[in-house]
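S.K.: Here is what each chain is made of, one letter per residue.
Number of protein chains: 2
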Amino acid sequence: MKCRKCSQKAVIKIYQHNLPLCKEHFLEFEEERVRKAIQDFQMIERKEKLLVVVSGGKDSLSVAYMLKKMGYTVHLLHINLGIGKYSLLSQEKCEKFSSQHSLPLTVISLVEEWGKGIGELAHSTYKSTCSLCGMVKRYYFNKFAYENGFDAVVTGHNLDDMTSALLANILGWRISYMVKQTPVLREEGKLKKKVKPLIYLTERETAAYAFLSSIDYIREECPFSANSTFLKVKHALNEIEKESPGTKFSFYRGLLKNLHLFKEKEKKPLLRECAICGFPTIMEVCSFCKTLRKEEVKKYASHL
Amino acid sequence: MKCRKCSQKAVIKIYQHNLPLCKEHFLEFEEERVRKAIQDFQMIERKEKLLVVVSGGKDSLSVAYMLKKMGYTVHLLHINLGIGKYSLLSQEKCEKFSSQHSLPLTVISLVEEWGKGIGELAHSTYKSTCSLCGMVKRYYFNKFAYENGFDAVVTGHNLDDMTSALLANILGWRISYMVKQTPVLREEGKLKKKVKPLIYLTERETAAYAFLSSIDYIREECPFSANSTFLKVKHALNEIEKESPGTKFSFYRGLLKNLHLFKEKEKKPLLRECAICGFPTIMEVCSFCKTLRKEEVKKYASHL
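First to last, the protein sequences are chains X and E.
FYI, my numbering numbers position 143 of the first sequence as 143, with every residue one higher than the one before it.
FYI, my numbering numbers position 227 of the second sequence as 227, with every residue one higher than the one before it.
It is worth saying that the hints were derived from the structure and are not from the lab.
Do not rely on the hints blindly, as some may be mistaken.
Because identical chains share one entry, a pair is satisfied inside a single copy or across any pair of copies.
What the hints assert, rightly or not - SDA-like, lysine to any residue: derived pairs with alpha carbons at most 20 Å apart: (1) K68 - A207; (2) K242 - G172; (3) K290 - S302; (4) K267 - R186; (5) K190 - E32; (6) K263 - M178; (7) K190 - Y140; (8) K232 - H25; (9) K242 - W173.
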């Protein structure tokens with residue numbers, strides 16, 4: 001198998017484009033795809049200060065690496081979730097990446113902030129670990145970006161993440177979630193802009209990109225992991241993609257093309273400021289405070 | 001495992017309802033589901049003349065069996081597709097069922113009508129076998145029902161058929177197909193009403209129903225079979241259903257609930273009568289005539 005662009009030995013084939021590529025041209029191709037995604041959806045501008053949130057995995061470290069390479073101003077944020085050895089290792093990978101690529105890194109530790117890791121926090125607040133984890137991360141990403149003057153929060157969501165979440169949401173017709181699955185969520189008051197530059201890349205491509213760029217990332221899955229229905233959906237999409245390469249891409253593009261059908265139905269909820277922390281919420285007190293700042297919420301309620 | 005209703009030995013468990021049932025209560029349960037589907041969507045009335053199209057498979061024979069048992073007036077129509085041994089066996093099963101249950105059967109043979117089976121017809125008209133087969137069957141179902149005074153065409157589509165087609169259509173965002181995936185398509189001029197009484201039943205349930213009702217059906221798959229992407233989609237849905245029983249049902253129900261979102265976008269095409277055969281089409285000449293009555297179309301065009 002020879003590289004389509006230079007006839008050197010190919011290291012990978014992009015099935016969707018039936019395109020064998022050597023290492024050099026593969027890296028170039030992937031970076032071009034990311035540049036195109038940024039442009040297609042007007043995600044970010046060169047002068048903007050970017051907060052790239054990194055888990056220590058292949059996707060988030062790759063997107064930070066690419067953005068730095070493209071000349072953007074990148075700051076890394078890692079949330080240490082306090083999941084034993086897994087979190088230690090995740091933080092280590094982020095620190096190593098930060099020093100290797102001279103990118104400033106901030107770590108927020110749940111154990112330092114709340115005395116407990118995400119598992120115990122979920123247990124003591126009667127929440128599911130995965131949904132609490134998502135909520136806590138989104139809160140800190142936004143808060144940190146807002147308080148430190150960043151223009152955008154960048155995440156490493158790839159095409160597989162987007163399409164399997166989309167499929168799971170469609171199976172349950174959770175339209176209010178579907179309309180949020182866009183490559184960009186624009187800034188709105190204290191909610192900073194969120195962008196996903198890797199949406200054109202499959203998981204297989206980001207893994208190969210990280211590997212071929214010598215990015216040392218954590219290969220272990222989170223021990224709480226996503227629920228198994230989500231994994232089944234991801235697996236199912238992979239099987240269909242194998243049979244018809246390009247399905248994921250056209251599925252996601254189709255969502256974006258047809259989003260207006262759903263948006264008309266979903267009235268945008270009115271945002272106001274949380275009575276406790278001041279960050280945007282559709283309720284009087286935001287979910288984060290309601291779950292983790294119970295004492296303050298009680299005090300607030302008693303003064304009403 | 002004991003039957004939930006009578007504590008006899010259960011023969012099957014309906015996972016979606018976590019419901020083990022004995023033979024008698026299983027058959028009763030399935031018939032009740034079909035009665036409910038008919039009622040929920042006002043599919044048919046007792047006085048209507050029904051044309052049940054039968055392939056010789058478990059679904060179509062089961063629906064004919066159930067409707068007769070419920071007291072409806074049923075006539076069977078079988079299209080012999082001329083696919084060698086497979087079609088001989090299919091017709092045999094229909095004939096046996098017809099005589100066992102004293103239901104009148106009409107057979108239309110493609111070889112008698114066109115001198116060729118569906119495979120050769122597809123080859124000589126440059127069509128894919130599966131899409132030509134679907135088109136030809138729909139045409140004959142409707143034409144026969146219209147010309148012989150039937151009130152509705154009944155097909156044996158089950159929940160698996162509906163949801164895997166729906167998923168395949170959503171992956172490609174083929175909205176014009178999605179809006180047609182309803183339990184009932186109402187009569188419109190020469191287009192007779194089409195109904196699908198088995199939409200609440202999974203394939204596993206219809207197979208068990210046919211088996212336990214001693215219906216002798218063809219177990220072989222059509223050698224042309226559905227394309228493999230469609231089978232992958234069906235398989236994928238089965239895997240997800242195993243993990244979360246009830247997914248198929250709520251997925252399909254969600255479509256029906258949200259259909260208006262898509263219908264607003266899809267303007268209903270204006271129907272007119274085919275210049276050759278007089279049956280409804282959105283073009284001057286219908287697809288059936290365009291494909292199979294080439295000589296007549298040529299003659300018609302030369303007179304314009």
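S.K.: Honestly, which of those hints from before does the structure not fit?
M.R.: Violated hints (numbers, rising): 5 and 8; every other hint is consistent with the structure.
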